[in-house]
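A.B. asks: For the record, the sequence lines run as chains A and B. The first sequence: position 46 = 46 (the UniProt record's numbering), numbered continuously. The second sequence: position 256 = 256 (the UniProt record's numbering), numbered continuously.
Do not take every clue at face value.
Said to hold, decoys possible - Residues from chain B that keep clear of chain A, each with C-beta distances beyond 10 angstroms, as calculated: (1) R26; (2) D27; (3) V50; (4) N75; (5) P96; (6) N186; (7) K197; (8) E223; (9) G247; (10) F257; (11) A272; (12) T281; (13) R296.
Claimed, not checked - Calculated pairs, BS3-like style, for lysine-lysine (alpha carbon to alpha carbon, straight line, at most 27 angstroms): (14) B/K3 / B/K166; (15) B/K144 / A/K126; (16) B/K289 / A/K126; (17) A/K126 / B/K3; (18) B/K166 / A/K126.
No wet-lab data here; the hints were simulated from the structure. Note that the structure is predicted; figures quoted are calculated from it, not measured. Think of the CB as a built atom: it goes at the ideal place given N, C-alpha and C, for glycine as much as any other residue.
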Amino acid sequence: MSITKNSQPADPAPLKRFRVWVANRQQSFTVTSDQSLLAAMEQSGAQAIDVGCRCGGCGRCRIQVLHGQYESKRMSRAHVSEHDEAQGLVLACRILARSDLVIESDQFQDPRQATVEPNNNNEECKQ
Amino acid sequence: MRKGVMRPGHVQIRVLDIEEALEHYRDLMGLIEVETDSQGRVYLKGWTEVDKFSVVLREADAPGMDFMAFKVLNNQILEQLEGELIEYGCDVEKIPAGELSGCGRRIRFVAPTGHSFELFAEKEQTGRYGIGNHNPEAWPRDLKGMKAQRFDHCLLYGDDLDGTYKLFHEVLGFDICEQVVDPDGNRLAQFLSVSMKAHDVAFIKHPEKNKFHHASFFLETWEDVLRAGDLISMTDTSIDIGPTRHGITHGQTIYFFDPSGNRNEVFCGGDAFYPDHAPITWDADKLGKAIFYHDRQLNERFLTALT
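For reference, chain B alone in the conformation it holds in the complex:
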């Protein structure tokens, strides 16, 4: 049952060098640079996004994900979910409005896979970049690089998939859209949706907690994904795999790394999901095809290169 969680709101990513990271996320991926805050964190967004920012880069001595946040419908929902998280057994941290510039108060909790998640209800709305809300043109003409449209989802690696699913389903109203299951019935991968998208956050089973696999950004067409591949080669950016298609979600994709080794995806397509849909199940021995539909096998790096 949906509980008022709307969509992924932002992800804070640790990078080794903020200038190199900015060249990557702004000039190559085409995110819009919004602001640098008093802590030196840089805020960016995809050009179609209405809220002020969706990506926060923080310079640190180890890359990875600090936290991923979801936006909820309103403050009443935020209070309701805060109570339910505490009742469920979560240690909920309150973060005051303005700690992220332009964002209202946030609540933070750690999922059983070890990842930090946040909920918030309010963020300054600066509108879609370059075209606004009134008689908008099709797209702004000064976009750079891959012209990424929006921050779409994260894929995270961790140990307790069942615990995280239970929390996300029962308290936050996410549904399981697709899953990979081994012969003993253990879930090895789970793709969770709180919207009509094929995934808003996904998890793959891994012995360590709190590992970051990738942050993903939406492109409009397969031609855009191919063009992203061209740009990756032109800039000698570290590639993981692609362009190719996923079996899971049917999205078309390419994976590459930012200059600190955090993996990024740009993709297009993907199935539509409604809450009455039964989960789509892949057998573990079809994992290769489920992830990379054309190669039909996983590259070692996809499973082991994490931050």
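Chain A with its partners taken away, still in its complex shape:
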């Protein structure tokens, strides 16, 4: 008698699982290679990163990646400049892990003004 495995179709690119360590929160969670860091954190029940729009727009989930490899999707330049991105200062909702990661969260709620692209140069109405 042969043992038959559960006959799921073979996944062309099997998901990889990585560990994310949030250094300044002493918390960790697991992320798969197809989900954002923020989605994985929400799914795990951990509360280590602030959750905002989850779509790269509001900047609530800004983190500093200290170690590890990742890919990123486009995120708002009002919250992450090119320089920030090069330094690993990114939005957790737009990052896909490609290795185990060590990150810091939340201490980046700096009060600097958002640099939303100016739409025009009009002064506000003054009376």
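Given chain A, put chain B in place with the hints provided.
C.D. replies: Showing chain B alone in chain A's frame:
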């Protein structure tokens, strides 16, 4: 006193990826795709809207709202209001007809909260989608997703609520329909109407200027709002909160985010407003119930996730 401003006319929203945005606004929310202009901006409308478009999506590297526009009765009113805005102290920018495809000339000014607003008098009228004006059927049968009926209002966050109210009231003829006031008498939220609707634009006090909280779209029934919630889950769309009811306006609502993090609302109901109505006032310590009538508390995200 009403000054000839009729209704919200359009909102231009910045998105990070125009294709993803289109899937969201067209396929999930059910807006009708109208046109892509020479700049790559995509125009859409709710199916009940008579004018050619009410939503313009522009790809950019930071999401948010470029501007919100109101339609006025006619060109004479537009000229009158242009003069009054200048006299009031506004720096008024003239935008020629056709800069938005199918829209007449617009005038643009920046409110004290930092948001750009426009007025226009003319826009091509393509009629209600799928049913027209002559012996119309109840609704078109090929609508998608949430079947959003119209662009209804925006909620905007900014600092100078008093200045913006004064401008909107004195120059543009908006009335304050509902407000949230702190013990010192400072207004923390103001819901302004230029029609019979509970709000045509609303503002919440926030230290930064020119922040976009949401663009809202009208649905017919509570069942439609619930169904929108089902569709949000089916598509794994980022949810904020709901379905629930607002204390302010009594509307029934659900909030969610577009793929660039701009918040959207779909809602039904809402009180009727007449210009002789005194403002409805909520105390600041009842803010939770005023915004989310069932939870009776604000989620942090409602106050902080802005574009």
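A.B. asks: Enumerate the violated hints, using their earlier numbering and listing them in ascending order.
C.D. replies: When the structure is compared with the hints, numbers 10, 15 and 16 turn out to be violated.
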